[in-house]
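*Asks:* Sequence:
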Amino acid sequence: MPVNYATPAPEALFPVAGVRLGTAEAGIRKLNRRDLTVIEFAPGSRAAGVFTQNRFCAAPVTVCREHLAGDSGIRALVINTGIANAATGEQGLQAARDTCAAAAGLLGCAPREVLPFSTGVILEHLPVERLIAGLPAAQADLAADHWHAAAHAIMTTDTVAKAASRRVASANSQFTVTGISKGAGMIRPNMATMLGFVATDAGLSPALLQQLAKDAADASFNCITVDGDTSTNDSFVVIATGASGCMIDSEASPHWPALRDAVIGVAQELAQAIVRDGEGATKFITVKVGAGATVAECRQVAYAIGHSPLVKTAFFASDPNLGRILAAIGYAGIADLDSAGVRVWLGNNDKKPGGEVLVSEHGGRAASYREEDGARIMQDAEITVRIDLGRGQAQATVWTCDFSYDYVKINADYRS
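FYI, the numbering for the sequence shown is 0 to 415, going by numbering that gives the first Met the number 0.
Lysine to aspartate or glutamate pairs mimicking EDC-like chemistry, simulated, CA-CA at most 20 Å apart: (1) K213 x E250; (2) K287 x D337; (3) K213 x D248; (4) K287 x D217; (5) K287 x E381; (6) K287 x D387; (7) K287 x E268; (8) K213 x E268; (9) K287 x E360; (10) K213 x D260; (11) K287 x D379; (12) K29 x E128; (13) K213 x E65.
Now the in silico label distances, taken between C-beta atoms and shown as ranges: (14) Q210 x T158: 31 to 39 Å; (15) G332 x A170: 40 to 48 Å; (16) E10 x A316: 34 to 42 Å; (17) Q90 x Q210: 34 to 42 Å; (18) G332 x Q52: 15 to 23 Å; (19) M0 x R166: 28 to 36 Å; (20) S367 x A142: 54 to 62 Å.
These aren't lab readings, by the way, just hints derived from the structure by calculation.
All residues carry an ideal CB built from backbone N, CA and C; glycine is no exception.
Build the full structure now, drawing on both the sequences and the hints.
*Replies:* Written as structure tokens, this is what we have:
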């Protein structure tokens with residue numbers, strides 16, 4: 000079960016003007032499940048995206064990048080689960096392009112105005128004929144209030160659907176931001192095996208929309224790690240329909256701060272939901288690194304802790320074997336780090352006295368630290384590790400989870 004997370008109710012996910020969503024059973028990999036999603040956008044909609052850094056990027060990622068490089072706007076997303084269409088060569092590229100062409104024919108737009116997305120098993124060919132055969136049913140299901148259904152239809156090993164929504168009033172205007180995502184394993188920075196889609200009915204210039212997508216990804220999906228593996232299919236896309244009439248052409252617009260905060264807020268909620276639903280996760284862990292010389296080195300340290308199997312298994316066992324955290328800080332790659340200047344705290348989110356304890360300072364165990372205090376905090380479902388590097392003013396935060404027995408079981412049985 001996810002750590003302190005439940006899918007929002009359908010009525011909590013606000014429709015976005017200019018967006019309709021539909022799902023269908025296409026039998027991509029398994030029968031009797033909705034595994035195909037179409038998201039349609041009003042004419043004039045724009046999109047920007049951030050994608051995986053894996054050199055074995057999936058065919059749909061390649062096609063998305065090609066289509067977003069043009070200036071034709073975006074009319075639809077087609078998302079399938081079950082088969083990733085990754086490491087599938089020219090046949091996989093053709094399948095992604097055939098998907099776009101078929102959807103374009105149904106929706107009355109150009110193939111370049113369709114973006115394809117796939118998630119699931121790598122190194123298997125997409126049954127594109129089944130996908131295309133399922134498109135009419137997904138089109139017939141299109142409705143503005145189907146965000147909840149779409150969040151479920153894009154799941155793979157997720158145990159819950161992930162969605163978030165905001166309504167924002169700004170300078171006599173109102174706009175909506177709603178998004179969905181999927182992901183539970185093969186998660187690490189530089190995007191994860193995750194798909195994320197956030198739409199707003201505000202209008203943005205292409206340059207500002209791309210900046211918003213990057214800023215939102217950097218503040219959310221690029222701050223999470225479950226197991227340190229970077230997938231082939233990671234995709235995060237922000238779509239702006241402009242249907243609300245609220246147009247934002249520059250950062251000087253009075254609406255920009257509110258829209259940026261809303262999109263980042265939705266993206267962070269979705270990203271944290273992925274970690275809370277990490278495969279086999281029993282604990283949600285926030286790693287805050289401060290007083291660094293640069294943001295980059297703070298992230299290095301945070302990721303070293305968040306990726307460490309030894310740290311993660313200690314959290315699962317509620318074992319305050321906190322020397323593992325110091326070891327991860329030490330091998331994070333900061334060559335001139337003075338260990339005597341580093342301080343480490345272990346805490347929880349209940350804000351009660353004693354909710355945070357100093358574990359280490361002056362290069363060793365803090366004189367005030369008692370192992371029973373660490374053990375008490377390690378029992379919590381939500382834990383914060385806070386590190387002061389003693390080197391400057393920079394800071395960074397990463398969200399991760401523990402490693403349990405179930406993580407191994409889930410990944411051992413993934414293709415069954």
